[in-house]
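Peer 1: Protein chains in written order, with our numbering: chain A, 1 to 477; chain B, 1 to 477.
Hints may be right or wrong, so weigh each one.
Just so you know, same-sequence chains aren't split out, so a pair can sit in one copy or run between any two.
Claimed, not checked - Computed list of lysine-lysine pairs in DSSO-like fashion (alpha-carbon distance at most 27 angstroms, straight line): (1) K147 <-> K42; (2) K247 <-> K53; (3) K53 <-> K445; (4) K59 <-> K445; (5) K43 <-> K147; (6) K42 <-> K392; (7) K389 <-> K467; (8) K35 <-> K389; (9) K247 <-> K59; (10) K382 <-> K392.
Hints in this document: simulated from the structure, not taken from any laboratory.
Number of protein chains: 2
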Amino acid sequence: MKKISLFFVLAFLIIACNEKKETKTTSTELTAEEKTDAANIKKIFDTALLHGKSYNWLKDLTTNIGGRMSGSPEAAMAVKWGERVMKEVGLDSVWLQPAIVPHWVRGEKEVAYFVSNGKKTDMAICALGGSVATPNNGVMAEVIEVKTIKEAQELGEKARGKIIFFNRPFDNTLINTFSAYGGCVDQRVNGAAAVGKHGALAVIVRSMTNNIDNYPHTGTMRYGDIPESQYIPAAAISTLAAENLSKGLKENPNLKVYLKQNCRNLPNEKSYNVIGELRGSENPEKIIVVGGHLDSWDLGDGAHDDGTGIVQSLEVLHIFKKNNIKPKNTIRVVFFMDEEQGGGGARAYAEAAKTTKEIHIGGLESDAGGHTPRGFTIDANKANTATLKSWKKLLAPYGLHDIVRGGSGADISPLKSENVTLVGYRPDSQRYFDYHHAATDTFDKVNKRELELGSASMASMIYLMDKYLYNNTPIKQ
Amino acid sequence: MKKISLFFVLAFLIIACNEKKETKTTSTELTAEEKTDAANIKKIFDTALLHGKSYNWLKDLTTNIGGRMSGSPEAAMAVKWGERVMKEVGLDSVWLQPAIVPHWVRGEKEVAYFVSNGKKTDMAICALGGSVATPNNGVMAEVIEVKTIKEAQELGEKARGKIIFFNRPFDNTLINTFSAYGGCVDQRVNGAAAVGKHGALAVIVRSMTNNIDNYPHTGTMRYGDIPESQYIPAAAISTLAAENLSKGLKENPNLKVYLKQNCRNLPNEKSYNVIGELRGSENPEKIIVVGGHLDSWDLGDGAHDDGTGIVQSLEVLHIFKKNNIKPKNTIRVVFFMDEEQGGGGARAYAEAAKTTKEIHIGGLESDAGGHTPRGFTIDANKANTATLKSWKKLLAPYGLHDIVRGGSGADISPLKSENVTLVGYRPDSQRYFDYHHAATDTFDKVNKRELELGSASMASMIYLMDKYLYNNTPIKQ
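Sequences are here, hints too, so could you generate the full structure?
Peer 2: Written out as structure tokens, the structure is:
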């Protein structure tokens, strides 16, 4: 062993040195003002990585409260939790904003299987949020497999008395998994309405994930304009069970599926957005909002969706406090209630802002998971979009290369108007739909550094928006 | 529920559409030839994501063989495994290349604790690779904590009869975790030699990880030029135990540590690199090598280090075959033996290439884990570096933004010369040192899509190198 070559150790050091060199070259291209910004952004990242609180907040929320559906006792606990942690950060003010939210309960665990040639095969399913229950003794019927809403609609009366099985998979060749989700989620949202009107007994929808595994992924569905008498139960089926069922149908088109679910829509509940702010030193009446959503689904603990988003949003203000950054405009953190089941919190926030004539100049939402930072999507006018894109050189050293036009997020998008700059935080998407709305969305799936780098990315974006955005754009609200 | 707002669903679709638009804008800036390349790269990614075999190969290797230290029976099994999977891909030729490797065995599980004021506290430790054992009844001694090799050397005779505790942590403010590793690993490699010559009884080195957890991370160490009589046992301690020990020392500087380890250096063994190739259609005598290392440490299953690297390397050739891409030059995959304990395989490969006057025009190594793609580091002459950087626009749509100068990797760097273009594949580094050389480096830590995107990134780089590199540069070997 003593004659061991050192080249492999040297290789690492060479990599490290070269990387430092590369960063240096980039920073020499900065103006004096940009160098100040680069130094402040470095401080923001250092603070997040050395003194960040987001990981412990998330651990507390996900393990001591866990899943927190709109209207549930856990959601009410989460509101109190949110108020407490915001107060601990020492914000200038913290308050609750009322919002009306749906209250759907899952009830007893669902049961599903298919029977083919006398053989019974269990299927991992779960009711979709907002769905009605099956009759007490369940439904049992033959199955028609379809790939699209159009195909389902064209069944017409053939759907009557049948269970319709929506089985279009994610397009795994799409690099951003949100694009694959966007290409499939219509089955989950609109599938039941499309065939309920033709007398189908239920719908079963392939789970929204890239994986083949045995976890059903819940999520919201809607009945649209069909009369209540045509509402039919809607369930998600794991991708593994979907593959099995599809195979079973090829072998025996007359196999029967049994489905029993016990969910209920209870009367709407009063709930709250949790809000806190640091008052602006120059323009306290101008607001930049940063947030995520406090509610989650019930199967997991709502870690990546969207526990990470809210703790990162609060961390932005914690970092500002810790570094004594005095924002020119008011920076407001919002833990929105009910993103998952209708956006009650988002509506309440936007309506209140309109009523009280609050001036929002920008917003940043984190609702795409807590994975390693990749960039931001911008929903803004041309001038402000160009301004944000010009910050790329300040953000690229932290892996934030994708500064592109795109949507911001469900909770802040109701604030959209010509001079409001809305931004979505975009972490890496590859693992997100492994956990989204499933039992797997738990704290252990979140990496501490990835979470903290996300907080710092968001704090850097808010720092730059606060410094440059207002002066850059006349406010005409 | 029927009045539910659709804005949250629309928000997703808007994001998806905008992302597509953005990609389109970029692709219109490409030349006709670049458009061909972009289309071929798209095919490469589609193939990896839809028909990739790397995930199943990795599952087989890590779960059926597991950890495979140089010289071990498992490493010999891994050689046979490598030969078999290469043959299954249908390469033009597959062979084994002899290499002499060390054979260090861990022996019975290590024991360590500290005793302070009569209270015993267990410590999670493991012997470092290449270390000698303690005496049969272990060592027990007072401890001196240091942060640097220099500080340890300056102890001089004060080290005699003591256990030296190297406790410099990772600098977590460094964004690339390999830079933090590079800044600490000298403690592990050179710590024992620095104090062995002054009569210290043993060294305990803080594990090389960003985390505070209870897993010791092994890795290689060396005794350098000190006489064999001064060799002392070297162990890694988990970061949690290191924090505890440091705290204990502050409370009681005279506490004693007990350490027992049972490792042994056995005589060198004959082992093999596993090699396969697709012969070039135009310049079969010119070689581009792609590889990772087949050996691993023993505590985990060698999943991220470097099971992912070898399955990705073989996948490159599988993708070429599947897409009927006929390389102009010979593309050779190498599963290098013994990267971890001295580079015996890398030396054997480089020496054989020299002896037989093989002409290498390029190389690509994957030995930084199987996480989501970020880019490549380039170790090449100026012209070729510029050429590789010009491919950024073809690679950026896949998240490959960091195309920068830097080292390639321990196994291919011995091939370095003026006209050989060496490249390191660089996935995201945030999670890597959670697993590196520890019991946590298991198959479940690898994400299928991230692994496959890495294979496709590497295949795209090899495709471009094969097409452009040789014509671009006169070979003067």
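Peer 1: Let me make sure I understand: some of the numbered hints might not hold for this structure. Which ones are they, in numerical order?
Peer 2: The structure conflicts with no hint, since it agrees with every one listed earlier.
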